[in-house]
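Chemist: Protein sequences appear in the order of chains A and B. Here this note's numbering is used: the first residue of the first sequence is 9, the next is one more, and so on. Here this note's numbering is used: the first residue of the second sequence is 3, the next is one more, and so on.
Hints listed in this document are in silico derivations from the structure and should not be mistaken for laboratory results. Hints are not guaranteed to be accurate.
Just a few of them, taken from the derived set where beta-carbon distance is under 8 angstroms, the chain A residues facing chain B [stated by the list, open to error]:
no., residue
1, A27
2, A31
3, T33
4, L36
5, A53
6, D57
7, E60
8, D65
9, L70
10, R71
Here are a few chain B residues that sit away from chain A, every Cβ distance over 10 angstroms (derived from the structure) [as the list claims (entries may be wrong)]:
no., residue
11, L30
12, K48
13, L230
14, M315
15, G345
16, Y381
17, S436
18, V469
19, L483
20, R529
21, M597
22, T600
23, D605
24, V624
25, W627
26, F736
Ideal Cβ positions, reconstructed from N, Cα and C, are used throughout, including at glycine.
These are the residues of each chain, in order.
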Amino acid sequence: MQTLDCLGVGQRGRVEAMAGTDAITQRLYEMGILEGEELEVIGLAPLGDPMEVRLRDYRLSLRRSEAARITVRPM
Amino acid sequence: MKSTHPTIALVGNPNTGKTTLFNALSGLNQRVGNYPGVTVETKKGKFHWQGQTFNVIDLPGAYSLAARSPDEMVAVDVILGREEGEAKPDVVVAIVDASNLERNLYLTTQLFELGVPVVVALNMMDVAAAQGITIDVARLSERLNVPVIPVQANKSKGIQELKAAVAKAVGASPPKLAPSFPPAFEEEVASLGRKLAGDVPSFLLRRLLIDVGGQTERLFKTETHNHLDEYLDSARARLAQAGCGVPAIEARVRYGWIRQATADCLHRPVQRPPSWTDRIDAVLTHRVWGLLVFLAIMFIVFQSIFAWAKPLMEAIGAGQEWLGAWVGAGLEPGPLRSLLVDGVVKGVGSVLVFLPQILILFAFVAVLEDCGYMARAAYLMDRLMARAGLNGKSFIPLLSSMACAVPGIMAARVIENRRDRFATIVVAPLMSCSARLPVYALLIGAFLASPEEASITNWGWWRPGVVLFAMYCLGLVLAPLVAFALKRTLLRGETPVFVMEMPLYKRPSVRIVARRAIEAGWQFVYRAGTLILASMIVIWALLYFPATHPSGDNYDRLLAERQADRDRWEEQADDLAKELEDRPDSDKQRQLQAMRTTIEAMDDEIRELQQAWKAQSYLGRVGRWLEPMVRPLGWDWRIGLAALASFPAREVMVGTLGLIFQQGEGDASEEGYQLQLGRRLQEATWDDEPTRKLFNVPVALSIMVFFALCCQCASTLAVIKRETHSWRWPAFTFVYMTTLAYLGALLVYQVGSLWSGV
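Let the hints inform the model, and build the full structure from the sequences given.
Modeler: Next comes the structure, spelled out in structure tokens:
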């Protein structure tokens, strides 16, 4: 099991679980990152952080520290 | 605002074309408003449909009604009718992006629970179609059990149909379908309701349970509910036990419901075709190319506010001078004329002079936001800004502040998080703006340019450049440090959420861009302009009064007389010179020379008179009184007075130095004037020690450092007041920057003096 921040560019993963109950986790849920959802890392910013992720029908950018809350199963 | 017309609230995710739809609905008939205690703006407009008038409120874009700050609470309060002075809306229009239906409907399902009829405006069907997404609108409307109207806001399509649906929905019953939460959750909501008593809407009870550390929690805690924390903790623990822990439960329930509702009306291709956005982003968010494009765009933005605005600003300056001369011509010399010319006209000019920069910067910011690039810029710069505790969106406001802090601070509106926005606003004036340049240029030119006059060491030709660069670096280094300190003290709080949508690229709308630029300009003139004008008039009065010469005459009138005398002599001298050109005559030549000498003497007299007047003015007296405080900076009272007079606007420094050091008040940007004034400064000596030069390298550096760090700009403070809705932040900015400036100047002078042995 890995967290999202460990996936490389171009890798996909399925969300297994999310940690935390605070505003950041809540926002991730609201944006549609749910258990079973498929994510694809499509890029990293010049300094390696934040990362750009595709999910559902759109793209999202999030910091690595935020991505570390998301446990994924690589596909 | 009480009104008998039905009120419509417009709600939607960011980047769904909400502003475009609002413009299409209400046309030019709109105004910007603020609710007390919040820093987000809401727009209000009107539209007519079949003889009836409807009020429209455009609420701030949001992904969810789970409010985490007073700013985010506005939408909830307005829709629930809890916002004071605001009628509860009759209909909520949920604008939804068809190309990203599921995530957009999340907010819509929350709106279903507010007891207000909902109409869904389905926007961007064309974008969805281009991605191979098809939506069966009639069936979607059936599944959601609310009217769904397809619109194309940017082409004004479907607007009439939307207006008709909205008119029909007034007075209709609220949505009957909504995602249902597990029984365990509903039980907790009910018992929380009993505990709180009073008439708390069930929507707020749910928010209270779900939003850990959210705004509703803060709200009810202040409303004297004892032990609420403990109760919520235990209720949430019970929910987690029952398998519906917060906040996950809400997302699971809503997205589950949405998936079911859209199952047979939303069709997506199995293989997503690569879109334009994919192709553009491959370059624009690329580690190398993306950064290069970003730097190029930033260069253009910076160059435009620095250089393109210049002719316009000069035109405003010329207009101000013309108006001043025109007003002055009709009046006798005296306090009234001086008030109008030097106080009012100059004050108005100093407000208007910012307009070109504000308009240009806001046009750029609006283009970057509207086309979707702003999110990419924030993405590219986030890591860098995160080190100072800020986020990527702070970059553009800070960069713009290097041209002028006023538009820069206004551009900080793009930062959603309140603490990050305030930290950015407070450090923005540390960036070296273009108004500091004339001061640097004057002092570097006079004391740091030619090696033979140097007193530190014989540095090379590169010294002026290095010193200028160092002055800019001072702000660049200190701004992040101050922001870092602020984010750990005054603006401490939980780490803001950076999770940010990367919207689809689209062509920016000329109307939206023009509107935003004009709105920003108007707000500046209207809300900040009056404050700036008032402070300019106060400083004018302090420098004008008392205006009585020891002879009992008025300084102003005396000066006008001398000036008129001098001008008459000059005219005669010019006539004589012309005569001599035609018919040379050695007697007359001598006469002309004598006249020229007299004119010079008169010039000196005028300058002395000006200096004497300013020295005994109220501000001059304060300057003298403050001398012990500025001595450690290497300054005498005259430098202190010039610095003091520059507090409303630092660009007057050069002119004030000119007045005090008897060069007259000239054009600071003119090279000849700067050169002459520089020479005057080089010759200036201490009052009490006529053999000791007043200025040397450490003194020049200490003045420059003071100017680099001090907030000598009433406009900046007025804009901070306007953007933070409080006097606290401008006061704080003023105090911390003045302290920093004093300490910086002290350090530079003391160390510099030790080193150079002066």
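Chemist: Against the earlier hints, flag every one the structure doesn't satisfy and list their numbers going up.
Modeler: 1 and 16
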